[in-house]
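Enquirer: Each residue of the sequence shown is one higher than the last, beginning at 1 in our numbering.
Because the hints were derived from the structure by calculation, they are not lab data.
Check the hints yourself; a few may be wrong.
No farther apart than 35 Å at their CA atoms in a straight line, the calculated lysine-lysine pairs in the DSBU-like style are these [to be verified]:
| no. | residue 1 | residue 2 |
| --- | --- | --- |
| 1 | K13 | K44 |
| 2 | K113 | K148 |
| 3 | K148 | K13 |
| 4 | K122 | K57 |
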Amino acid sequence: MSTILIEYYLWIKAAHIISVICWMVGLFYLPRLFVYHVETSDIKSVQYNTFLIMEMKLLHYIMKPALIASWIFGILLVFTPGVIDWGLYWPWIKLMSLVILTYYHFYLNITYKNFLNFNNVKTGRYFRFLNEVPTILLIVIVLSVIIKPF
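All chains, please: the whole structure from these sequences, using the hints.
Expert: And the structure:
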């Protein structure tokens, strides 16, 4: 198994980066949709339902597959010999950030369901603030992996 992982390392790494980019796009865009959605005053309007459709398609057709692919390719990279030294701190920082990012993804899914069930109580300002979470985590992850400061 490790021979195959070494042989296809660059392909796995490329697939991981592509899937992470797709996932991050969704994580950046969905809270922005929530901002516009919450500012729609009439929950029975066509616009409100249009946001529900956009959010559902983003979650289920882009974000969920990208999340799964990111984890699969990331785990394959973890098991590739010589890629990660678990004696250093940077892989643990990345892993912790990734777990938080994954939790954030599921939180966005719950938030979508609140809109779907007309139970949203959050404001546009809240979602604007929430939109900064993936940016901060992305910076932490990229710096951890590229610079390996610890």
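Enquirer: Hint by hint, say whether it matches the structure.
Expert: Do the hints match the structure? See the list:
1. K13 to K44: Given that 35 Å is the threshold and the Cα spacing comes to 45 Å, the pair is violated.
2. K113 to K148: Distance of about 38 Å is beyond 35 Å: violated.
3. K148 to K13: With a Cα-Cα distance of about 17 Å, the restraint between K148 and K13 holds, given a limit of 35 Å.
4. K122 to K57: Roughly 22 Å between the alpha carbons, so the hint for K122 and K57 holds.
Violated hints for the displayed structure, listed by number in ascending order: 1, 2.
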